[in-house]
Structures are given as C-alpha cells and as structure tokens.
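Heads up: the sequence shown runs through residues 1 to 270, numbered per full-length UniProt numbering.
Don't take each hint at face value.
[Stated by the list, open to error] Capping the alpha-carbon separation at 30 Å, the derived lysine-lysine pairs in DSSO-like fashion look like this:
#1 Lys-81 / Lys-169
#2 Lys-54 / Lys-225
#3 Lys-12 / Lys-204
#4 Lys-169 / Lys-72
#5 Lys-204 / Lys-152
#6 Lys-225 / Lys-246
#7 Lys-152 / Lys-53
[What the hints assert, rightly or not] Computed spacing ranges between beta-carbons, pair by pair:
#8 Ser-187 / Tyr-231: 20 to 26 Å
#9 Asp-55 / Gly-117: 34 to 40 Å
#10 Asp-30 / Asp-232: 43 to 49 Å
#11 Ala-57 / Gly-250: 16 to 22 Å
#12 Lys-81 / Asp-232: 38 to 44 Å
#13 Arg-17 / Leu-251: 22 to 28 Å
Simulated from the structure, these hints should not be mistaken for laboratory data. None of the values given here were measured: they were computed from a predicted structure. For glycine and all other residues, C-beta sits at the position ideal for the given N, C-alpha and C.
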Amino acid sequence: MFTEIRPQEALKPYVKRFYYYDAPSAHAFDDLVFPSGNLELIFNLGNGLWKTKKDEAFCTTPAVELWGQITKPLAVRSVGKNFMLGVRFHPHTAAYFFDEDISVFNNEITNAVDVFGPSLNNLHELLLTFTDPKDRIAMLENYLLNRLAASKKKHSRIRLVEAIANGLKNHAEGERIGMVSERNKISPRYVHRLFSQYTGLTPKLFCQISRFQYSLQLMQGGDQKMTSVGYDSGYFDQSHFIREFKSFTGLTPSSFPTQATPINQILSNL
C-alpha cells in the first residue's frame, strides 16, 4: 500500500512529498525503477530486505538509503515485509541538505548515514520507536528544517538552479540556457556546471527525463495512441520517442505496461 503525505508549508519548496510504502505481503517480488529526475531519501522501518541489482547481482541496501539520479533502468527486489518511509526532493533541492556534488551519486544507492552523518542514524533509530505516521513525519520534518537552516550560504546558487530547472520544462534547452546566462551575467558553461553539481544531471538529460516522465503520465492516464503520446510529449518524431523511451526503460513504448507497478507507483512523477 502506498500513502502520500504533503510536507508542511516551510518544507514545500524543498520536499516534493513524503510517502509510506507498506508491502502487501511478505512474498518476494522484482521490479524496475525508471529515471524520475528526483533524489530520494528512504528509511526502511520494516522487517524485510530491500535489494538493488549491481554488476548482475542483487545487493541488500542500507537501512537508510540515498537514491541518486537514476538515468537508466534499475532492477530492485523486495524480500519479506518491507515498510518504508521516503522523502522525494525536487530535482535541485537535495543539495540544500548535504555538501557533496549531487552528480557523484548518479545511478547509486548510497548509505545515507555516510552522507548526512551520525545524526541521520539517530533519527532512524528514533523513527523505529514510534508507530504513529504523524509522529514520524513530524520528527523527519524537524530534522530536515534543522539541516536547511545550516545550509544558508549556498541558497542563492541553488535558487538559480531552480530557475534554470523551471525554465527548462517550458523552453528549448539552448534558448533557455542562453537566456539564463545573459540574465545572470554568467557563461553557459558555468550554467551547465552549476546545474550538474546541484541536480546530478546535465540540462539536456534533465529535459529528456522530464519529457520521458510526461510520456509515462500520458500512457498511464488513458487510451491515447502512441503517436499522439510522442507528439504531445515533445518528441521530434516516433523514432525519437521510441529510442529515448527505450534508453530509460529497456522497453519500447508499445511493449511497456500501462499499469504502474508497486514500486513505480512510489518512484514516479504521478
């Protein structure tokens, strides 16, 4: 079962949503996760194991996971009765909460305690002692607000990245990068470097993932023909749509299941 929780007002600019995932049974199942354009912080609060595939083998993930930008299909496996509490950040906002270059986490599931420090392990242990979702969310929000207050020095740069990200969703990449560079009196090269540092993605890849996620929403939302989905999502032609879609899922649009799987219900932009 999947439950979505909206963050309090003070965190809405930084956290897209909190969510719970309660595995319906203890039966093991495999799934695929696709690029979303967002980073995730996930606490495993259940008795099961969560695994991801790396180098052709499934490896158990840490108790608190930081999911970097996923740019290709990632195989996952749930074993036992998993119960997870997750934080989905906006594309640029995970950078408010720790100092590392976001791009170093691309296509990696990292022990989040190594990134956030021992205080995160203390939070995880505290979350395990409570069962009321409201109490858990309140503790998590308090932790994030304290981290946010300690990161004020880089807020102006991340706000610039936010402006770039918002613009990229509505304009051609080249036009928007040029406009951002001119308006802020910085070079296009610096715009690219700043965007990659704080989102983990190049502007081009961010546009591709945003377009891909929009196509998923159209496919899962009705009976639209694939040619219409490709056109409405902003692809040049059908071959462009198929090629890019397959690079993110390993499947062609026509062979992709239109019903979201349990894990992709969580880790999608729907």
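**Message:** Under the constraints set out in the numbered hints, which ones does this structure not fulfil?
**Reply:** When the structure is compared with the hints, numbers 1, 2, 7, 8, 9, 10 turn out to be violated.
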